[in-house]
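Visitor: Same order as they appear, the protein sequences are chains A and B.
Sequence positions in the first sequence follow this note's numbering and run 1 to 354.
Sequence positions in the second sequence follow this note's numbering and run 1 to 151.
Treat each hint with caution, since some may be false.
[As the list claims (entries may be wrong)] Computed from the model, here is a short list of chain B residues facing chain A with C-beta under 8 Å:
1) D111
2) A115
3) A150
[Said to hold, decoys possible] Distance windows between CB atoms, simulated:
4) T72(B) x R57(A): 21 to 27 Å
5) R57(A) x R98(B): 50 to 56 Å
6) Y250(A) x A46(B): 40 to 46 Å
7) A49(B) x E244(A): 25 to 31 Å
8) E105(B) x A205(A): 41 to 47 Å
9) E71(B) x D314(A): 25 to 31 Å
10) D50(A) x A49(B): 30 to 36 Å
11) T283(A) x D61(B): 34 to 40 Å
Read the hints as simulated data drawn from the structure, not as lab findings.
Since this is a predicted model, take the numbers as computed values, not measurements.
For every residue, glycine included, the Cβ atom is placed at its ideal position computed from N, Cα and C.
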Amino acid sequence: MNKKRLAAWILALCLLGSLVSCQKQSGKTKYSAYYFDYFDTVTTVVGYADSKEEFDRVCESITAQMEEYHRLYTIYNRYAGLNNLHTVNDVDDGAHTVVQVDAKIMDLLLYGKEICTLTGGKTNIAMGSVLSIWHEYREAGMYDPAGAELPPMDALRAAAEHTDITQMILDTENNTVFLADPEMRLDVGAIAKGYAVEMVAQQLAAEGIGGYILNVGGNVRAIGSANGDPWSVGIENPDTEDTETPYIAYLHLSDAAVVTSGSYQRYYMVDGKNYHHIIDPETLMPGEKYLAVSVLCKDSALGDALSTALFLMDFEEGLALVESTADVEAMWTLPSGEQKYSSGFVAYTFTLEK
Amino acid sequence: MRGALPHALPENGGFLRVRFGEEMGTNDRKKIRNDVILAVVLLLLAAAAMLFWQLQKTEGDFAVVLIDGVETARYALDTDTEVEIITDGGGTNTLVIRDGEAFVETANCPDLVCAGHRAISRVGETIVCLPHKLVIKIAASTDAGGVDMAA
Ligand SMILES: [Zn+2]
Numbered sequence: 001m002n003k004k005r006l007a008a009w010i011l012a013l014c015l016l017g018s019l020v021s022c023q024k025q026s027g028k029t030k031y032s033a034y035y036f037d038y039f040d041t042v043t044t045v046v047g048y049a050d051s052k053e054e055f056d057r058v059c060e061s062i063t064a065q066m067e068e069y070h071r072l073y074t075i076y077n078r079y080a081g082l083n084n085l086h087t088v089n090d091v092d093d094g095a096h097t098v099v100q101v102d103a104k105i106m107d108l109l110l111y112g113k114e115i116c117t118l119t120g121g122k123t124n125i126a127m128g129s130v131l132s133i134w135h136e137y138r139e140a141g142m143y144d145p146a147g148a149e150l151p152p153m154d155a156l157r158a159a160a161e162h163t164d165i166t167q168m169i170l171d172t173e174n175n176t177v178f179l180a181d182p183e184m185r186l187d188v189g190a191i192a193k194g195y196a197v198e199m200v201a202q203q204l205a206a207e208g209i210g211g212y213i214l215n216v217g218g219n220v221r222a223i224g225s226a227n228g229d230p231w232s233v234g235i236e237n238p239d240t241e242d243t244e245t246p247y248i249a250y251l252h253l254s255d256a257a258v259v260t261s262g263s264y265q266r267y268y269m270v271d272g273k274n275y276h277h278i279i280d281p282e283t284l285m286p287g288e289k290y291l292a293v294s295v296l297c298k299d300s301a302l303g304d305a306l307s308t309a310l311f312l313m314d315f316e317e318g319l320a321l322v323e324s325t326a327d328v329e330a331m332w333t334l335p336s337g338e339q340k341y342s343s344g345f346v347a348y349t350f351t352l353e354k
Numbered sequence: 001m002r003g004a005l006p007h008a009l010p011e012n013g014g015f016l017r018v019r020f021g022e023e024m025g026t027n028d029r030k031k032i033r034n035d036v037i038l039a040v041v042l043l044l045l046a047a048a049a050m051l052f053w054q055l056q057k058t059e060g061d062f063a064v065v066l067i068d069g070v071e072t073a074r075y076a077l078d079t080d081t082e083v084e085i086i087t088d089g090g091g092t093n094t095l096v097i098r099d100g101e102a103f104v105e106t107a108n109c110p111d112l113v114c115a116g117h118r119a120i121s122r123v124g125e126t127i128v129c130l131p132h133k134l135v136i137k138i139a140a141s142t143d144a145g146g147v148d149m150a151a
């Protein structure tokens, strides 16, 4: 009997040993890739694949799609033989023209209209005239920090007269766009990245591809899981002076998106003060209520649009919007460094010490 | 892995009884029951230790340098060093590794976001210099801990 007990114990200890030594072992390898050619930001792809060749094939599909969305949605470049948003913004003889567009542009602009209504005008793709002034001063200020200046308020106010989204005439029958106000410009910067990432993610999922996570300038979208486990996403601490805390939240997600809008992402300095790219349609100045807002939801297009809007809204107003929208959670980081959360946000967080 | 536990060790100790099945007295049964309880406790402790170890192991071993997405060098975090990274078009970023952390000390890019980024040392952390198409990321020699994506 004792021998048998001993045998049983040895068996049990062997089992224990094999369990402790068991690591993730499914044959798939984790790969990553970085691209710099889309939406003026860095695109990161992390994925589990059976081989490097398989990963590269998926990346080729992702980059081909990103390239197409980038060319269609950019307002800074024109491409021969392609009508993009630059074409829509073009002025000929003092007026815009009616432009025939790809369905991908039409769908984005329709979505932009919807979002403008949902966010009470905080996320408005018809703000191009105002944003182009900020863009110009920011670029100049970045290349010549000593001569960096703020845009004159009267120029901003004059431009703000031409941001009425109802002046964007969409003809879905004929797939044409016409900006009725000649001074009006589109700028889809607040929604295009999230929208493109969402479209790419849905395309991959439709092809049966999973085990990938994309990040396009803070628009994170997971397609499937991380080889059976949820993906671990660290939300960077927007307080760049704080060297002790790299992340303000760790999130677990599968088949979901988290989008962060932050004052640290794109900015220039004037007289030692940070002026970032998220411009409030009311004050025409960068929003100062938060350092960052992260939105967690299924759809990265919605996440992108909402993160911009929440960044510009009072907390109570933003919280009400989040709580009244299905499957959306959010985290706000105040200038003091304090975090506020919607009711369900913390359920997705985990801790990762040291 | 957690799911495998009940299969290996049924609550009634049947696993042991089938294996060593013969007539047993109440005393033996009690002994076996105690053994099973001890074994389960040990297993749970081991699982907890493993999880703890995995969460703890987030410090990386290397700073990997990628230019336009292609790895050009990797530097061990346990060796202090300073390197000038030259990117296409005359871009320079000075990468410093000190006390197990990596950071960009100076750069000639227009936005200086890279030089303003905090020092990185944990798996998954990155410093990006967009104008120079440069990524510095922390990696480990074994795949454990850290985050899959920093955003
Ligand atoms: Zn830089």
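Visitor: Confirm or reject each hint.
Guide: Hint check:
Nearest Cβ of chain A to the Cβ of D111(B): about 5 Å, under the 8 Å cut. The hint holds. Annotation: interface hint on A115(B) violated; nearest CB of chain A at approximately 11 Å, more than 8 Å. Restraint check, A150(B) versus chain A: the minimum CB separation of about 5 Å is within 8 Å; hint holds. Restraint check, T72(B) to R57(A): a C-beta distance of roughly 24 Å satisfies the suggested window 21 to 27 Å.
Between R57(A) and R98(B) the CB atoms are about 40 Å apart, so this pair departs from the stated range of 50 to 56 Å. Against the hinted window of 40 to 46 Å, the Cβ-Cβ separation of Y250(A) and A46(B) comes to about 24 Å, which falls outside the hint. Our hint of 25 to 31 Å for A49(B) and E244(A) holds, since their Cβ atoms are close to 27 Å apart. The given range of 41 to 47 Å is respected by E105(B) and A205(A), whose C-beta atoms sit roughly 42 Å from each other.
The given range of 25 to 31 Å is broken by E71(B) and D314(A), whose C-beta atoms sit roughly 46 Å from each other. Between D50(A) and A49(B) the CB atoms are about 31 Å apart, so this pair conforms to the stated range of 30 to 36 Å. About 47 Å separates the C-beta atoms of T283(A) and D61(B), a value inconsistent with the hinted range of 34 to 40 Å.
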